[in-house]
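Undergrad: Chain by chain, the residues run as shown.
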Amino acid sequence: MPIIEMSKVTYTYPGSSKPAIRSIDLSIEAGEYVVITGPSGCGKTTLCRCLNGLIPHFYRGALEGDIYVAGFSVKKTPTSTLAQMVGMVFQDPESQLFLLTVEREVAFGPENLGLPREEVRARVEEAMNLVGIAHLRDRSPHELSGGEQQKVAIAACISMKPKILVLDEPTANLDPESALHVLNLLLDLKVKLGVTIVLVEHRLEAVASVADRVVIMDRGKIVLDGHPRDVLRKPLVEAIGIGVPKVVKLYNELKKHGVNFGFTPLTPDEVRRAILEVMRGD
Amino acid sequence: MIEVHDVWYSYEEVVALRGVSLKIQPGEVVAIMGENGAGKTTLIKHFNGLLKPSKGYVKIFGVDTRNASVAELSRRVGLVFQNPDHQLFSETVEEEIAFALKNFGFPSDVIKKRVEWVLKLLDLYELKDQSPFALSGGERKRVAIASILSYDPDVIVFDEPTVGQDYAQKERLAQLIKLLKSQLKTIVVVTHDVEFVAENFSRVVLMSEGKIIADGSTRRILTDSDLIRRARLTPPQITQVAWELSDLGVPKDLMWVSEARDAILRVLGVKY
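Protein sequences appear in the order of chains H and X.
The opening position of the first sequence corresponds to residue 1 in our numbering, with each subsequent residue numbered one higher.
The opening position of the second sequence corresponds to residue 1 in our numbering, with each subsequent residue numbered one higher.
Because the hints were derived from the structure by calculation, they are not lab data.
Just some of the chain H residues that point at chain X, by a computed CB distance under 10 Å: (1) Q91; (2) G146; (3) G147; (4) D175; (5) E177; (6) V244; (7) P245; (8) K249; (9) H257; (10) D269; (11) R272; (12) M279.
These stretches of chain H come out as covered by chain X in the derived footprint (C-beta under 8 Å, 3 or more residues): (13) 39-52; (14) 165-173.
Beta carbons: idealized from backbone N, C-alpha and C, even for Gly.
Starting from the given sequences, assemble the full structure and let the hints guide the process.
TA: Quick look at the structure:
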């Protein structure tokens, strides 16, 4: 059974006349790494808010269709229950961090679940070690760099042992090196914990090669959904104004001159291997 | 027109600039790059006098910034900040944009014309009666840019304009920079976005730990693996492809899709 199942979901914010997302059908299996992308205002953030119950419980508005997360109906399940299954990380980590030390921040979720002290301590240690912030435990989250803050926000989710991690443009405000660290960390969490990753991200060149799936949205709808190799080569992707990785553009250009790799490369390394293959074939 | 001479600057104990020298000529389009904390934002705040050097000097059109007010300098050097919310405060988009013009004492008919021109230029006309705070992040960013362009400064400085913008918005920003360049404006952009720079800038100033570690053509700097590493950047993806293929005879200093395509077709012996 899929861990996330949305069928015919249409949602309209209160006071708005047109839906922010329309007829969304999306099914995600446990352990998948799914990237959601699309132009600003396409409904990506709205879709994320449906996964932890912020929609409809906090935002209200009109929600049609069914959303099931880990078997629970989002409409009928309180956000406190959903929060144990779905961790959310936002673009601006500072808005999410509010305690005096990193360690307190990571402990906050499990403490609120009323877990025994030893369990809380074990979860906090595990989460901080996995994310690589144990050395920052006594620091104030507010004096950390953006990349470090984002890792704290992720650790604060991980300590809840969620089944799903939903991240809404977590690298948008980070420098390239920190962004890469955070993205590598997500892959690590998927592999080590088997957590399902739903990541909203514009920089496809950084995630196309690690994601299992890319979902492309435009004007409230899902317009493409599939493996990055199959999705990113479609002309529609560029037509709706999405930044296709340069290696994909390069391959599209080479194809016009009769060069055929037999697959769409997603990294510079794959371009090399494909070219060597073509040379051998000659 | 912008002359920075051996400038040092400290925030209390932290030394942010350590002997920075830089000249930018009228009509140039320059990207300032480097890791967080390299001193980029500190440097550009010297361009309109928001910060004054602890040592050394900054001259804008020959005027030493220590002898001029921020108001005088701002008239010629407009700074668009990274977070538009630090800049916006009016009730409507239109008022926001008119504010600086009123402050600079422009007559009301000029204000009206300028506001209308810039609203259209930045695709904001439909939103002119809305509160800036009801807009999306990308739209607020455009309002912040509009409020600077409205008074027609000679130099426009953008701090991280591509952050949080999608691909289409980046393309529009690139168009805007081209338009401003054609009007002989001087453009300085602080950014981490190597792909944006590779496509739109000819000169890069690279900073690290309060110093300029390289200043020159975008191609020379963004394809230099040593400089890229020191500044904690990642090279453009096409440059990475070129490095992967260098043993096959592909030059290492490629940045653009078209160059890589031609080089690969040569390697494969395909006529084009």
